[in-house]
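*Asks:* As a plain string of letters, each chain reads:
There are 4 protein chains.
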Amino acid sequence: MTPAAETAPTASPAPFRHTLRVYWEDTDAGGVVFYANYLKFFERARTEWLRALGLGQQALRESTGALFVVTDTRVRYLAPARLDDLLEVTVQLRAGGKASMTLVQEAWRGDTLLAEGEIRIGCVHEGSFRPRRIPTALMNATA
Amino acid sequence: MTPAAETAPTASPAPFRHTLRVYWEDTDAGGVVFYANYLKFFERARTEWLRALGLGQQALRESTGALFVVTDTRVRYLAPARLDDLLEVTVQLRAGGKASMTLVQEAWRGDTLLAEGEIRIGCVHEGSFRPRRIPTALMNATA
Amino acid sequence: MTPAAETAPTASPAPFRHTLRVYWEDTDAGGVVFYANYLKFFERARTEWLRALGLGQQALRESTGALFVVTDTRVRYLAPARLDDLLEVTVQLRAGGKASMTLVQEAWRGDTLLAEGEIRIGCVHEGSFRPRRIPTALMNATA
Amino acid sequence: MTPAAETAPTASPAPFRHTLRVYWEDTDAGGVVFYANYLKFFERARTEWLRALGLGQQALRESTGALFVVTDTRVRYLAPARLDDLLEVTVQLRAGGKASMTLVQEAWRGDTLLAEGEIRIGCVHEGSFRPRRIPTALMNATA
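Residue numbers (the working numbering), protein chains in the order written: chain A, 1 to 143; chain B, 1 to 143; chain C, 1 to 143; chain D, 1 to 143.
Just so you know, these hints were derived from the structure itself, not from any lab. Hints should not be assumed to be uniformly reliable.
[Claimed, not checked] Derived DSS-like pairs (lysine-lysine); straight-line CA-CA distance at most 25 angstroms: (1) D:K40 - C:K40; (2) C:K40 - A:K40; (3) A:K40 - B:K40; (4) C:K40 - B:K40; (5) B:K40 - D:K40; (6) A:K40 - D:K40.
[Claimed, not checked] A few chain B positions that, by computed beta-carbon distances, are all more than 10 angstroms from chain D: (7) E118; (8) G127; (9) R130.
Beta carbons: idealized from backbone N, C-alpha and C, even for Gly.
All chains should be modelled from the sequences, with the hints used to inform the complete structure.
*Replies:* Structure (structure tokens):
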């Protein structure tokens, strides 16, 4: 899944963590969080991870026209979450290249792992959706 | 709720009807359709109503930069819908002006009225979000 | 819109406030927050307001079978919000009765009012969806 | 990704096809369909595929307490879809066992493949979420 052009980071720092609450909007008639919504949870965490690295996506887009896009997702669902649960979502860089990076993400409720995913994102020009280099700030921050 | 600049149509034709199915994504942990999703159902019906009038919104935007925006919604929820229900959603013009129009919309399951709403939409320039005239094709079609 | 059985609270305390961030999932192709999602934002704030009053909805449902349902929403959209915006959403009780209450809610970005709504909620038995009295804890808390 | 207990079907019939339209609700501020929503599109197609096999999920749950859950998703995103696009979503059984099955799904716009996924679903008892056998009707239908 990881193309050759991506290389693993030399060190493996502690994963970034983002806390969120489960609301009605996140659940379905099975009484639990609708599985597609873990992709939203993972993205909120990635967005906050980027923000913590100094990269606000709206500002980045307005100043450079660069847009991050998701090109590949894999998620395994291990245990259900319910309304009012407090979840912790992690972000960890597995491999990165000039135009894409692969992140490992997990959703936890206390000591219970609910879902784990691998998300590959690329960087494109808005409008054309043509690939472009990932912003230097991000490449440096994750080197 | 309807500004003076909007006038009622002279005739009241049969409402436009759009049929849709309730899927898992539409439900919440109460076992029924999440109430905010009726706004999505109403919009799907409005989109098909506009398309039936010859107005594809993506084409309209690309050719004129015009964007429809919702400026006011009121919805009353009368009965719940469940997974697999087949709903019929109506669109009827209540009043229209040069830059806005008010629509009455209903969601039915068979003979049961589930939700009814009044939706006011305006027309704006994309980017600036400044008001602009509603496309002539729509004003003529609904005159 | 407010039924006679609801009475205005004797005092008008400062509204409850909940802060949230706009993510990709909240936006649409107009480049702004999809209007139906303000109902989600309002609900997140109501949920946190109830929690601050000691009412976790999942716990309430498991212990009493009581479910809050939304019976009427009205929202006016005044200005668009964009990706990465930080919003403050308020909750203020306008009127309350034995089985329903009406809340006024607003979404702000700094000094800009983006949307304002009136949301009426009722209390029902799960399964049957028959009306039941609002939990005493909430009636006392808002008296 | 496919556990040993699942076996490939002996024949490979033409995939089931479901047509859907892209609405505002499906898009994000990048101007295209929000990637998480392809999981919704895939599920709508699976739901219609099950219905075509005689399995309405709401009826199944009410009569047997059986609930289908998604346990693993993988999606690759190849090209963006936009507002008003008409998509065709396919469902094809890759492998099935007593308690789970793996489906291959694709989303097409005309001759353009937009996204492809592998979705593994299992069958559980509602409430406990414990695994149970897939309904005989489905096992027979896909044998």
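*Asks:* For each hint, tell me whether it holds in the structure or not.
*Replies:* Each hint, compared with the structure:
Distance check on the hinted pair: K40 of chain D and K40 of chain C sit about 19 angstroms apart at the alpha-carbon level, within 25 angstroms; holds. For a cut-off of 25 angstroms, the pair hint linking K40 of chain C to K40 of chain A stands: about 14 angstroms separates their Cα positions. Between K40 of chain A and K40 of chain B, the direct Cα distance comes to roughly 19 angstroms. Compliance with the 25 angstroms bound is thereby established for this hinted pair. Between K40 of chain C and K40 of chain B, the direct Cα distance comes to roughly 13 angstroms. Compliance with the 25 angstroms bound is thereby established for this hinted pair.
As the CA atoms of K40 of chain B and K40 of chain D are separated by approximately 14 angstroms, the hinted pair is consistent with the 25 angstroms bound. Of the pairs offered as hints, the one joining K40 of chain A and K40 of chain D holds, with about 13 angstroms between alpha carbons and a cut-off of 25 angstroms not exceeded. With a cut of 10 angstroms on Cβ distances, E118 of chain B stays outside the contact zone with chain D, its closest approach being about 19 angstroms. No beta-carbon of chain D comes within 10 angstroms of the beta-carbon of G127 of chain B; the shortest separation is about 12 angstroms.
In this structure R130 of chain B is separated from chain D by more than 10 angstroms, as the shortest Cβ-Cβ distance comes to about 19 angstroms.
Of the hints listed earlier, there is not a single one the structure fails to meet.
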